[in-house]
Amino acid sequence: MANVAKVRPWRSLILLLVITAGLCAWAFWPGQSHTPRLGLDLQGGTQVTLVPKSANGGGDVTPEQLEQSVEIIRQRVNGLGVSEAEVTTQGSGGSSAIIVSVPGENRQGLEQQLSQTALLDFRPVVLEESSAPTPAPEPSVVPTPSPTTTKKAKKGSSARTATTPTPTPSPSAAAPDPTKMRPPIQAPTNSEFLQRAYAALDCSKPENYQGGTPDKPEEWLVTCSKDGSAKYLLEPAFIRGTQVSDAQAQLPQNGAGGWQVNLTFDTDGAKALADVSTRLVPLQPPKNQFGIILDGLVVSSPYFQEPILGGTASINGNFTNQQAKDLANVLKYGALPVNLQIAEITSVSPTLGADQLKAGLIAGALGLLLVVIYLLLYYRALGIVAVVSLMEAALLTYTVFVILGRTVGLALTLAGVAGAIVSIGITADSFVVYFERIRDDVRERKSLRVACETGWSKARNTLLAADFVSFLAAAILYFISVGNVRGFAFTLGLTTVIDVVVAFLFTRPIVALLARSKWFTRGGPLTGVSPERLGVEPSRELKEARAERARRKHKEEPVTAGVGSGTSSEGESE
Amino acid sequence: MSKPTSLASRLYRGDVSYDIVGSRKRWYTVSGIILLLALVGLFGRGLNFGIEFQGGAEFQVPSANCSVESVRTAAQNAGASAPIVTSLGDSRIRVQTEELTPEQSKAVVDSLATTCQTTAGEIKIQLVGSTWGAEITKKALTGLAVFLLAVTLFLTIYFEWRMAVAAIIALIHDVVITIGIYALVGFEVTPATVIGILTILGFSLYDTVVVFDKVKENTRGILGQSRMTYSDAANLAVNQTIVRSLNTSIVALLPVAAILFVGAGLLGAGTLKDLALALFIGTAAGTYSSIFVATPFLCQMKEREPAMKALAARVAARKAGQERKASEKAAKVVSGGPSGSISDDVASDDGSDEAAAAGVAGAAAVATETRKERPHRQGPRNQPKKQSRSKRGKS
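Residue numbers (my numbering), protein chains in the order written: chain P, 15 to 588; chain E, 693 to 1087.
Think of the hints as simulated: they come from the structure by calculation, not from any bench. Careful: at least some of the hints might be erroneous.
[What the hints assert, rightly or not] Some chain P residues well away from chain E (every beta-carbon gap over 12 Å; in silico):
#1 Ile28
#2 Arg210
#3 Ser259
#4 Val313
#5 Asn335
[What the hints assert, rightly or not] Keeping only pairs whose Cα atoms sit at most 25 Å apart, straight-line, the calculated DSS-like set for lysine-lysine is:
#6 Lys67(P) with Lys830(E)
#7 Lys230(P) with Lys219(P)
#8 Lys532(P) with Lys567(P)
#9 Lys831(E) with Lys67(P)
#10 Lys1011(E) with Lys1024(E)
#11 Lys1011(E) with Lys1001(E)
[Unchecked claim] Chain E regions said to be covered by chain P (calculated; three or more residues, Cβ under 8 Å):
#12 836-844
#13 894-903
#14 907-918
#15 985-999
Note that the structure is a prediction, hence the values are computed from the model and not measured. Backbone N, C-alpha and C fix where the C-beta goes; we use that ideal spot for every residue, glycine too.
The following block holds chain P by itself, in its conformation from the complex (with noise of 0.2 Å):
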């Protein structure tokens, strides 16, 4: 009786029924989609796999210029209008992958938006105006160094509107009506038909400063600011992205004023920047500013506080740290340092789609059905046992999608399906392991009370021993591989973690419950482990409670005997 008192198999049955009832809440709450969230390949859609390569030749790519690469392509995805559009990496260093997913129908030219290169330039202002109540202050340029220089942010007012914008009449094409058109819009001119965009244009609309499309820099602009709190209409650009060398968010040395950003630029750009500035620095507000415009969109627009000659500068906006970084990251890889190499793209409809994931759960259900009929034909009750674990298994798999869809955006790919369909197997063959262990243990004359215990005890060992190798695998993949092989190699990791929990906290613990039934101890033919059938004699003691069962039978009594010893009793019966 000791031995299997240690055991307390309720114990592990309540703690897996409060981890089932759990997820199952977590997953099944009403109001929530209950169905784990569909990779592309089975709902349909178009993915683009995007291979980011360091434009100068050497080097790996750094970790800011992917995210900045990111940032630029989630913005022009965003751009296209297109909902639940996804744009992730995987990998890291010289093997990472920008993956940009897309569902729904086929799209062509997705890929050729996303790969172009983002485009960085700087354009003079000729109008700014703000959508913002209460606009916030813009920053300066300073040349640098520049010990005398404080900052001046200068004071914004809501309409800056310059009281003679210098408009050039110019024949107005027969183009479609400006005041219905989407930022950028450009003109080769500053054309009335500008000015009637500019004039129409409402940046507080969302729509209207998604950005993502790349302007012409040789094209008058007009367009908003990334957050949509200003609109401008500037000039074309006078220094591209590719001239400036560097750019370094920084503490001014004096300390004072918050982080700055130093520029620096090549010859060209210095002396565009040069003479620029020297044109804008008496010119009143706000065109004394100039743009830089990432993308379509208007990033910051500082105002020139003195002639940049020696191309080096300095924007002071008393900005935070991170602010600071972040802009920048725009100016330094604004013009994507990476090359962007469209590796692969795949389309597929979703009649596809949903054929495949048909295919998918035929295959499960199929395979499923057929390790169950195995089970019960080969291990009568112990394959019932098996086969409820395996629905556990099931169970506990589904909801951990479910979940893991809705929080983290985790997608079952059919590679992903392939994979639970093959741990069907594999989490079988855990139970396999463990019953052939309780049958070793009967053929060497234990009793089944004794076996189911002995048996467990080495089957254990070499469950966890397996099923870590089957872990280390999945973990190794899922870290070095990318598409694919990583959904595959995921759901392979967690179903063997599922393995393992259903094992020790459900059949192992059920065995242990029919180890104390008498039914099962008796070892009728139904249970799988009779010893005749695994070729040996009954033991003295089985025989006993055998006849014991017979003799009360037959004198039709009510059964209310305690349960019987559970003492070994193997090597007597030889």
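Following the hints, position chain E against chain P.
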């Protein structure tokens, strides 16, 4: 009492024993021939890499309103040179071409849509740059290397380094055979195939770990007796786990077979089929190798240890002693009365190690004819019993 079950029991108790470790040369030859064929296939024919590895374009179009021939013509007209056109199942046609630019791809898609009277949105498109495949391959190989290292380390800690080496050799055996069969038959290698092969790694080791765990159990304290050599104990372990290995393999293969059946039957090709095919071959090879390659190889390495050599010598001496006695007794039987038959059971079941060792010196006067004919019977009957008893004593 069905036939297979009783065979399982007899295997377990050693009544029936296949001398797998002893006849290792035969299994090595079998594996050697398969491996040779695999290598010939690998280096002779080479692998048939899918477009994911070579770069290229693939289109799948619903084939309700068009034939393979019309699709081929349509693809060629749209500028794809030498497209490979095959039908997938009975509802889709697949077109594979060389690498296309997005513009060229659009032309092909439009042409296919017109020919098959469908919309562009219904066509599956896959364009792969040629460098991407190299990258995937590199990552798979890196993963393989890291995995092998980690597993060797783990197995060395959990078992011992010889078992780790044997397990890794069995693993390489399985992977080479799987890849070789791919090369020989000319199946297309896609990323799904790679996934399948990587999964074999896990499964092949799972199987080997199960067998080795039993070997470890059977050989615990083996140096303290002289009835069986390491190889004998390992062979018993293999025989005892044969049924389990078969069961785990069958159970693992059933879902894989289901994927293969559905993948090939319903979809014609694709992720499911490629994955299941690799898994099917690899799992079968994995079961074979954990029994017929890993364990014999392990025994070969173990038998080289001085302690194991000494043990083998003791066992041989004991056997020789028994045989001598048996022949002496046979001579007695010929000459006179059947003296030794009564104490048969005493000698066989309570024959402790000391008694056995003394047997060499001639102290145990009785040994029976049956023992010498089936030497395995002795060990199996007693060995597991002893193990479990000592184990229970500890816990």
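Open item on the list: Flag every earlier hint the structure violates by its number, smallest first.
Closed with: Violated hints: 14 and 15; rest satisfied.
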